[in-house]
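Student: So you can see what is in the structure, the chains are spelled out below.
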Amino acid sequence: MKRLVLLLVLAGCSKPPEAAPLAFQTLGAFEYKDKMKLPDDVARWNGKLVTATGFMNPTSQARHLTKFLLVKDRSSCCFGKRPQINHFIEVSMKPGATADYSTDPVAIRGVLKVDDRWDGDWQLGLYWMEGAEVVK
Amino acid sequence: MILALVLLLQESNKIAQEVEFANAKDKPQFHVQAVRKLRDRGGPAVADEIGRFVAAHGHNALSIAFTEGLGELEDPRLHALLETLVRDKDFLWRPTAMRALAHQAAPGSLGDFRKGLGDKLWGCRAASILALEKLGDRESLGAIRALLGDDVYDVRAQAARTLYAFGDSSGLPVLVEALRADTVWFGIDYGQIAREDAWTFLKKVAKDDFGYKPWETAEQRAPGLAKAEAWLEQSIPDWRSRVPAQARMRASSVEYVFGFERRSCQRGDFFFRLDKEGNLVVGYFTLETAKLSAEELRQFHAALDKVKRLDRSIPYGQGGCDFEQFYLPESSRFDKLWIGIQGRPSQVEPFTTMALDLLRKKFGERVAEEFRQSSDLFRMSE
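Protein chains in written order, with this note's numbering: chain R, 1 to 136; chain C, 1 to 382.
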């Protein structure tokens, strides 16, 4: 019986951790002002394993992307309003993985970093996902 | 003196960096902030630097965000640059440049706006109407009224709003008619976009939302629609007969078996599809239909079969906002084949040739030319 319990515990441990579904709307719902304290319902996602669904911002490269920007709506690229800094997640794929461009919504799984990064006067971004993979 | 020169040089380097970042293809997250910095800074040094950048890199090095931002920079040289961009038929963001020019609404651009009413890009037509409204150009009212019958909803709606701003209610029938819009493109509900837009304006004019909710089902919307129609009937009893043919909503509840979508920032959009009954359907909001003969259908499917054999799991060509997309039936859903600039595989060429011939035969030279003019962008590079 003890062995069975141990086996069940081990089986539970080997299961990959569950990624929490992240609503892009939450990240982009506030008006960002330079170097502001981010709302709690945004900051709480820092360091969490999440699945975020959005649209790939197109670049001239369409295949084998190791990095790309995920934006919250289809029209961000070319046909609608310009995306603001809190409408982007900069996604870096996990080593060896790549993604191909698609006009469909894509779901990306990875650890989200909420970090207002600056280089001098230039804001580099707010949301970052590293070691990411496409799940849909 | 030296200190002043150093400061001037530093300032000049900063402006150069801001212009570069506002247009950096690999840093889209910088575009909005760079444009804001340039707008806050303003002044002739900004215009100097933009002039240098354009001279060195050409029009198509400009980003869409930067092009939009040009409208907020007040300098005669930048105004002249916007006019040049609008006139450059190969510029990627002509509709955006036209909107930026419309934002400035300078009397000197009147000629560009009047000409813009006939532009082949609907974004330019819509922006031109808005600009002429800002300029109070009553001489263009006749031409704007004619655009109530435009192929594209956005142009018709802008014409209706602008006419209303001039005290002319003749566009309201087009907006009330749009409350019936139900065009869906393989999962994208364009009908709802039109319904929301029309309703937002009408409820302000009527000071009543009619109890209509654009996002509800047709059945749920019916009472609100009847109320809106009754409201218009009070002032324009024969409003239905005043809706131009192109603005009349037609039932599109047919089942489609194939779709072709071309979206091009450079050359405009083009859509056609094939329905279950063998009709070729062309259009975006306003659909035109032509029955294909058995032989035409056979040729259509023969050319399409070659396309279907391609690997659809990968995109072809360069990424960006110019692409062709094929919607191909795959059991109970549609698979997409995505082709960017210079990416069209040779197996697709027979379909493109067949489609051009068919469009010419069924819908005439104008439609065929519209299809042809952006086709070359996607041909595989040698």
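By construction, these hints were calculated from the structure, which means they are not laboratory data. A hint or two may mislead.
As the list claims (entries may be wrong) - Just a sample of chain C residues kept apart from chain R, beta carbon distances all over 10 Å, derived:
1. Glu-11
2. Asp-26
3. Gly-211
4. Trp-239
5. Gly-319
6. Gln-373
As the list claims (entries may be wrong) - With a cut-off of at most 30 Å between alpha-carbon atoms, the simulated DSBU-like pairs for lysine-lysine come out as follows:
7. R/Lys-35 to C/Lys-25
8. C/Lys-89 to R/Lys-136
9. R/Lys-67 to R/Lys-33
Even glycine gets a Cβ: it sits at the ideal position worked out from N, Cα and C.
Student: Would you mind marking each hint as holding or not holding in the structure?
Tutor: Status of each hint after checking the structure:
1. Glu-11: Given a closest Cβ separation of 13 Å, the condition holds.
2. Asp-26: Answer for C/Asp-26: violated, closest chain R Cβ roughly 7 Å.
3. Gly-211: holds (27 Å)
4. Trp-239: holds (31 Å)
5. Gly-319: violated (4 Å)
6. Gln-373: holds (19 Å)
7. R/Lys-35 to C/Lys-25: Judged against 30 Å, a Cα distance of about 25 Å means the pair holds.
8. C/Lys-89 to R/Lys-136: This hinted pair is violated, its Cα atoms lying about 39 Å apart.
9. R/Lys-67 to R/Lys-33: holds (26 Å)
In terms of the numbered hints stated before, the structure departs from hints 2, 5 and 8, listed from lowest to highest.
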